[in-house]
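Next come the chains, spelled out residue by residue.
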Amino acid sequence: MKLQVSATRMELMNLKKRVAVAIRGHKLLKDKLDELMRRFLEMIKGYKSLHQEVESLILKAHNHFLFARAMMSPIDLHEALMFNPENQVTVNLESESVMNVSLPRIQIQGELTGGQYGYATTSADLDIAMQLYKQVLPKTLELAAKRRGLELLAAEIETTRRRVNALEYVLIPNIQETIRDIVMRMNELERSNLTRLMRVKEIVRSH
Amino acid sequence: MPDKLALIADEDTVLGFGSLGMDCHIAENASQAQSAFDEVMKKTYAVVFVTDTIARFLEESKPDFMKKAMIMVLPGCNTRNKMGLKELTAIVEKAVGISNIMDKA
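Chains as they are written, first to last, in the working numbering: chain G, 1 to 207; chain R, 1001 to 1105.
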């Protein structure tokens, strides 16, 4: 679709500048899209392996916990696990910038203090379960951060792709079409001017 | 900066996984899950863990609840279902346009 501009030399110059900028921007955005895509696929690979690890660990932990619950009396279990109400995991939420997208990173602050209870009335399965839960928590947090990062990257990829396509298929062709049109009009004007001059000259000569 | 964790789950999961030290909310049905989620959303948490059962309950009333905060769906103690990569497939599809790229990655 042609742009609504007047067919003047000035406008032609401006449009030529605009198309040069658009082509440069398109190239840059396309490079950005390629790099984002590469990082995205890399992150997916990491996510999938971490996901499997977390899944198997947490299911194992749940199994041990259920065994422990079956073996112990509910009172003992509650007493063991709810003994320390002060116990609270605090995490450090940071962000890392990848291609101008800030990806979250979570780290646990200090040591995990859960699972401190007397061993007299508790089952060995509970120890194993708590150990596994402690092991799986940092990985789960990493997984959550990665998933969020993937979401953010996906959104960025989508907008970048839309921009690249808009430049490639709409803006650049439109400007180029307008430039072609202006050049053709100016040529036409020149030709009509020339024929007018020739005609005038002929009339003058005939007198 | 939020630095705490929250967990919305059934009683067993809260007792086990939650005892590591997070703000726990027990929910066994859809309405409890809903009110627990609303409660959690009032505060800011670094990560909110929910079990797959709770996630299913929440999905019914709030299809986009995963976007509200950094939410992680875990298998619950009682169901012990596999975590699945369903939500990731949607992300990949949004970015790449096709989802079967996951199998190749």
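Calculated directly from the structure, the hints in this document are not laboratory data. Do not rely on the hints blindly, as some may be mistaken.
[Unchecked claim] Straight-line alpha carbon distances no greater than 25 Å define the calculated DMTMM-like cross-link-like pairs of lysine to aspartate or glutamate that follow:
#, chain 1, residue 1, chain 2, residue 2
1, G, K45, R, E1028
2, R, K1094, G, E111
3, G, K27, R, D1023
4, R, K1067, G, E177
5, R, K1004, G, E111
6, R, K1043, G, E42
7, G, K139, R, E1011
8, R, K1067, R, E1028
9, G, K60, R, D1038
10, G, K139, G, E158
11, R, K1086, G, E177
12, G, K139, R, D1003
13, R, K1094, G, D125
14, G, K60, R, D1064
15, R, K1004, G, E42
16, R, K1042, G, E94
17, G, K2, G, E156
18, G, K48, R, D1064
19, R, K1042, R, D1023
20, R, K1004, G, E190
21, G, K60, R, D1010
22, G, K139, R, E1087
Going down the list of hints, with the structure as the test:
1. K45/G <-> E1028/R: The hint is violated at about 35 Å.
2. K1094/R <-> E111/G: 38 Å, violated
3. K27/G <-> D1023/R: Cα-Cα ~49 Å, so violated.
4. K1067/R <-> E177/G: Violated, because 43 Å separates the two Cα atoms, which is more than 25 Å.
5. K1004/R <-> E111/G: Holds: K1004/R and E111/G sit about 14 Å apart, inside 25 Å.
6. K1043/R <-> E42/G: 34 Å, violated
7. K139/G <-> E1011/R: With a Cα-Cα distance of about 23 Å, the restraint between K139/G and E1011/R holds, given a limit of 25 Å.
8. K1067/R <-> E1028/R: Holds: K1067/R and E1028/R sit about 23 Å apart, inside 25 Å.
9. K60/G <-> D1038/R: Not satisfied, since the Cα-Cα distance of roughly 31 Å exceeds 25 Å.
10. K139/G <-> E158/G: 28 Å, violated
11. K1086/R <-> E177/G: 45 Å, violated
12. K139/G <-> D1003/R: 17 Å, holds
13. K1094/R <-> D125/G: Violated - the C-alpha atoms of D125/G and K1094/R are around 43 Å apart, more than 25 Å.
14. K60/G <-> D1064/R: Roughly 30 Å between the alpha carbons, so the hint for K60/G and D1064/R is violated.
15. K1004/R <-> E42/G: 29 Å, violated
16. K1042/R <-> E94/G: Answer holds: K1042/R to E94/G is near 22 Å, not above 25 Å.
17. K2/G <-> E156/G: 30 Å, violated
18. K48/G <-> D1064/R: Holds, at roughly 23 Å.
19. K1042/R <-> D1023/R: Cα-Cα ~13 Å, so holds.
20. K1004/R <-> E190/G: 75 Å, violated
21. K60/G <-> D1010/R: Between K60/G and D1010/R the Cα gap is close to 18 Å, so the pair holds against 25 Å.
22. K139/G <-> E1087/R: Answer holds: K139/G to E1087/R is near 18 Å, not above 25 Å.
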